[in-house]
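Novice: Read off the chains here:
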Amino acid sequence: MAKVTVDGIEVEVPNGSNVLQACEAAGKEVPRFCYHERLSVAGNCRMCLVEIEKAPPKPFASCAYPVADGMVVHTDSEMVRKARRGVMEFLLINHPLDCPICDQGGECDLQDQAVGYGGDHSRYAENKRAVKDKNLGPLVKTVMTRCIHCTRCIRFSTEIAGVSEMGATARGESMEVGTYVEKALTSELSGNLIDICPVGALTSKPYAFVARPWELKKTDSVDVLDAVGASIRVDARGGEVLRILPRLNEDVNEEWLADKSRFAVDGLKRRRLDSCWVRRDGKLAPATWPEAFAAIAAKLAGLDGGRIGAIAGDLCDAESMAALKDLMGALGSANLDCRQDGAALDASRRDFYCFNTSIAGIEEADALLIVGANPRREAPLVNARIRKRGLAGAFPVAAIGTPADLTYPVTWLGDSPAALAEPAVRDMLKAAKRPMMIVGQGALARADGAAVLAACWALAAECGLLGAEWHGFNVLHTAASRVGALDLGFLPGPGGRDLAGMMGGGVDVLWLLGADEFDTSRIGADTFVVYQGHHGDRGAARADVILPGAAYTEKQGTYVNTEGRVQRGALAVYPPGDAREDWTIIRAFAGSIGKVLGYDDLPALRARLEQANPVFARPDILPRFGCGDLTGPAGGGAPGSAAFVSPVANYYQTDPISRASPTMAECTAAHHPAAALAAE
Amino acid sequence: MADTTPQAEPAHFAFDDESNAAIAKILARYPAGKQASAVLPLLDLAQRQMGRQTGSAWVPRVAMDEIARVLAMAPIRVYEVATFYLMFNTAPVGKFHLQVCTTTPCWLRGSDEVVAACRKATGIAGWKETSADGLFTMTEVECLGGCVNAPILQVNDDFYEDMDGPRTEALLAALKRGEVPQPGSMSGRQASAPEGGPTTLTSLTFTPAE
Ligand code: SF4
Ligand code: FES
Ligand code: FES
Numbered sequence: 001m002a003k004v005t006v007d008g009i010e011v012e013v014p015n016g017s018n019v020l021q022a023c024e025a026a027g028k029e030v031p032r033f034c035y036h037e038r039l040s041v042a043g044n045c046r047m048c049l050v051e052i053e054k055a056p057p058k059p060f061a062s063c064a065y066p067v068a069d070g071m072v073v074h075t076d077s078e079m080v081r082k083a084r085r086g087v088m089e090f091l092l093i094n095h096p097l098d099c100p101i102c103d104q105g106g107e108c109d110l111q112d113q114a115v116g117y118g119g120d121h122s123r124y125a126e127n128k129r130a131v132k133d134k135n136l137g138p139l140v141k142t143v144m145t146r147c148i149h150c151t152r153c154i155r156f157s158t159e160i161a162g163v164s165e166m167g168a169t170a171r172g173e174s175m176e177v178g179t180y181v182e183k184a185l186t187s188e189l190s191g192n193l194i195d196i197c198p199v200g201a202l203t204s205k206p207y208a209f210v211a212r213p214w215e216l217k218k219t220d221s222v223d224v225l226d227a228v229g230a231s232i233r234v235d236a237r238g239g240e241v242l243r244i245l246p247r248l249n250e251d252v253n254e255e256w257l258a259d260k261s262r263f264a265v266d267g268l269k270r271r272r273l274d275s276c277w278v279r280r281d282g283k284l285a286p287a288t289w290p291e292a293f294a295a296i297a298a299k300l301a302g303l304d305g306g307r308i309g310a311i312a313g314d315l316c317d318a319e320s321m322a323a324l325k326d327l328m329g330a331l332g333s334a335n336l337d338c339r340q341d342g343a344a345l346d347a348s349r350r351d352f353y354c355f356n357t358s359i360a361g362i363e364e365a366d367a368l369l370i371v372g373a374n375p376r377r378e379a380p381l382v383n384a385r386i387r388k389r390g391l392a393g394a395f396p397v398a399a400i401g402t403p404a405d406l407t408y409p410v411t412w413l414g415d416s417p418a419a420l421a422e423p424a425v426r427d428m429l430k431a432a433k434r435p436m437m438i439v440g441q442g443a444l445a446r447a448d449g450a451a452v453l454a455a456c457w458a459l460a461a462e463c464g465l466l467g468a469e470w471h472g473f474n475v476l477h478t479a480a481s482r483v484g485a486l487d488l489g490f491l492p493g494p495g496g497r498d499l500a501g502m503m504g505g506g507v508d509v510l511w512l513l514g515a516d517e518f519d520t521s522r523i524g525a526d527t528f529v530v531y532q533g534h535h536g537d538r539g540a541a542r543a544d545v546i547l548p549g550a551a552y553t554e555k556q557g558t559y560v561n562t563e564g565r566v567q568r569g570a571l572a573v574y575p576p577g578d579a580r581e582d583w584t585i586i587r588a589f590a591g592s593i594g595k596v597l598g599y600d601d602l603p604a605l606r607a608r609l610e611q612a613n614p615v616f617a618r619p620d621i622l623p624r625f626g627c628g629d630l631t632g633p634a635g636g637g638a639p640g641s642a643a644f645v646s647p648v649a650n651y652y653q654t655d656p657i658s659r660a661s662p663t664m665a666e667c668t669a670a671h672h673p674a675a676a677l678a679a680e
Numbered sequence: 001m002a003d004t005t006p007q008a009e010p011a012h013f014a015f016d017d018e019s020n021a022a023i024a025k026i027l028a029r030y031p032a033g034k035q036a037s038a039v040l041p042l043l044d045l046a047q048r049q050m051g052r053q054t055g056s057a058w059v060p061r062v063a064m065d066e067i068a069r070v071l072a073m074a075p076i077r078v079y080e081v082a083t084f085y086l087m088f089n090t091a092p093v094g095k096f097h098l099q100v101c102t103t104t105p106c107w108l109r110g111s112d113e114v115v116a117a118c119r120k121a122t123g124i125a126g127w128k129e130t131s132a133d134g135l136f137t138m139t140e141v142e143c144l145g146g147c148v149n150a151p152i153l154q155v156n157d158d159f160y161e162d163m164d165g166p167r168t169e170a171l172l173a174a175l176k177r178g179e180v181p182q183p184g185s186m187s188g189r190q191a192s193a194p195e196g197g198p199t200t201l202t203s204l205t206f207t208p209a210e
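Here the protein sequences come in this chain order: A and B. Numbering follows this note's numbering, with no gaps: position 324 of the first sequence is 324. Numbering follows this note's numbering, with no gaps: position 25 of the second sequence is 25.
Derived from the structure by calculation, the hints contain no laboratory data. Among the hints, erroneous ones may be present.
[Stated by the list, open to error] Partial list, derived from the structure: chain A residues whose beta carbon lies under 7 Å from chain B: (1) N127; (2) A130; (3) S164; (4) E165; (5) G167; (6) Y180; (7) A184; (8) R247.
Positions of the beta carbon are idealized from the N, C-alpha and C atoms, including for glycine.
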């Protein structure tokens, strides 16, 4: 530790810290443009100048100067102010004064610092430099004349995203930041460039000229477009969600957000179900809530519970699933399923289906085996963590599945379950102290899924992944609702049918709670389908009654991410038209047919969640456990020989919201031309 | 952005045998895993090979991509280096690349005349332009480090020193005829000694030590 005095305040910081970090520890703000705590140090903007006593009499770039014991730093001396004013004047020489038409206005570091250090007029009368804008694809808009060459975007794409596509070409006056060869960025994390660019050079293309930051109502919430559960901030104006930004959460997403979660917002406005619909004479016709409820009640009248079923979709909140499960119980049905993909998940123990190491825990691991997953497409933020761990060194990664570029070096050992027996797998895992394994849905959503799950667990037990202090067995989910549904036991009860059993006429009434990710043509022709959800997607197309629900930005919902972390989403805007929060729909319907679910408000329903599973009592906190019991999942049969295939073929369109999003459609066209054609 | 016209950019680039032999020697200079250090010599090889094969010594993008592949680095890292150094031409140039130094010492000694003579002899109007016959491209460069014999006109790899208008015209005429005049001072100066011969150390004689 080094003792440093900053403006008279004494702080202790670890050796090897830089002066800027010491200033922050002392609570002194130092302006910066190029420095970013998660990126390598470039030291090129010179805005962070400070004065250091007993050092050569010149200002020092604090971000690039290491602390020494006994150092005395001044962050607000006359020399410092003068130096920073000089730097600011230079930065503004070529920076256009176009704040009124710049989307960064109001949240621009340069604008903010110019208030403190800028001059009241410009002494520069010569021509300013103009730079041609670059086309970086459908997500990131560029106005390169505004670029101050801090190189944050270059360092982000090279270091964090792991796709070296941005660079600085030419030099001096001619230097330009871009890709040189025009191309759409191929990273799933490219939206973060917008956040880290300190000026308005990189801004959001879909959000261009939409709103000013001070007009927005900001709501802290959680993302549901993959199973990571990233912390987000939902910015809305009027009744409209305009953009989604990441929120700092070191345990989950650090400060990043994946592109789908950020840019699929425009899907929230399209193809929405905003009123009830009832199928009459083969055609869906608008209806009122009482009419819709009456149509369902008429079908249910006198029907045996065993002929009724419910399927929960990928975006559901725990509250609505609990309510639906209670409704099914009241109707005498045990036909419940949440595994739309048919994944052989074993819910008998929580660590059989959770990401037990935790996302932050990846950084403690020292070897990784990936089975049947493509984390880059299924959970880009988990992938970023793996890459971060890999950059720290001594982290062998092996994978079984279809080879793909995961942005870090991977040894591909085979593509089918047979590769689990490879000696190289055991050698790698056994040589490690804290080995971990990630099992994807691509390994489980198949006929031999149960056997693969059991085989993976057995391998984990054999190779020391399951210690008293360390749990290295992880299931990577792709659906935000899945772990919550498993925690609630949204699975076939005793004698109940699973999803496959409900198909082909297995039930007479089928309640789909936002379930769109299975082949609805498998539903029997005579089955009466109730679709409750927010988008007119596959499920609604097959429905006989549509009940309009709320999307994740429009309700207070509880979600459990792949780690098993319970998180609460918040209401940012009200659902459109007649749509309602989902649990209230179910409760109202239960009331209309004389069933009592036992809760009338959210606190009562949340108490019910806790009663169903105590994990719901601890939102946001993820206790980490070792593995006390090596007994594995039930399994059954032997793994087959088919190759593992990731369930996410096209990252940009995986759910009703992203399928309704024009921005995601553009990304699909840019990155998966074949998929885009097929969709037309 | 490279202002390469689509016709100019070849579809394909591969190092020939001569370059490959040189690459093997160059790569051996660097420790394993540090092959990216060879990016500068490889860019130079690519430019020379293009000169040999097409008469225009430049580095097309496909060549940069090939270098990235050979050195296992991201293509953008090669683009950054190639565009940073003005010695790499990222657009086609004429057979003779006229690099006129116009920095202060050369300018004081008459580089404007050299430029004017180049314009007159080649018909080129501005910097970075190539003459209609494809023989000459004229580029303005900063100090070439030959100020003692200013002004300097560098043609491809060779320095022609002590230039003036008529000498420049004569040089370009010779190049057009396919001759390659002897590089060095065009005024007959001995190396970089004063004009008319050495003026100091003229009387010293060295006798071998006993
Ligand atoms: S585009 Fe933005 S982040 Fe990138 S170098 Fe320029 S100012 Fe920095
Ligand atoms: S923040 Fe220190 S030089 Fe840019
Ligand atoms: S100024 Fe021309 S060579 Fe130095």
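Novice: All the hints need checking, so say for each whether the structure fits it.
Specialist: The hints, checked one at a time:
Checking A/N127 against chain B by beta carbon gives a least distance of about 18 Å; that is not within 7 Å, so the hint is violated. Nearest Cβ of chain B to the Cβ of A/A130: about 13 Å, over the 7 Å cut. The hint is violated. Given the 7 Å rule on beta carbons, the hint for A/S164 holds: about 3 Å separates it from the nearest Cβ of chain B. At its closest, the beta carbon of A/E165 sits 6 Å from a beta carbon of chain B; the interface hint therefore holds under the 7 Å criterion.
Residue-level restraint check for A/G167 holds (minimum Cβ-Cβ distance to chain B is 4 Å; threshold 7 Å). Restraint check, A/Y180 versus chain B: the minimum CB separation of about 4 Å is within 7 Å; hint holds. Using the Cβ-Cβ criterion of 7 Å, the hint placing A/A184 at the interface with chain B is not satisfied: the shortest such distance is roughly 14 Å. Interface hint at A/R247: violated, since its Cβ lies 31 Å from the closest Cβ of chain B, which is beyond the 7 Å cut-off.
The structure does not agree with the numbered hints 1, 2, 7, 8 stated previously, though it agrees with the rest.
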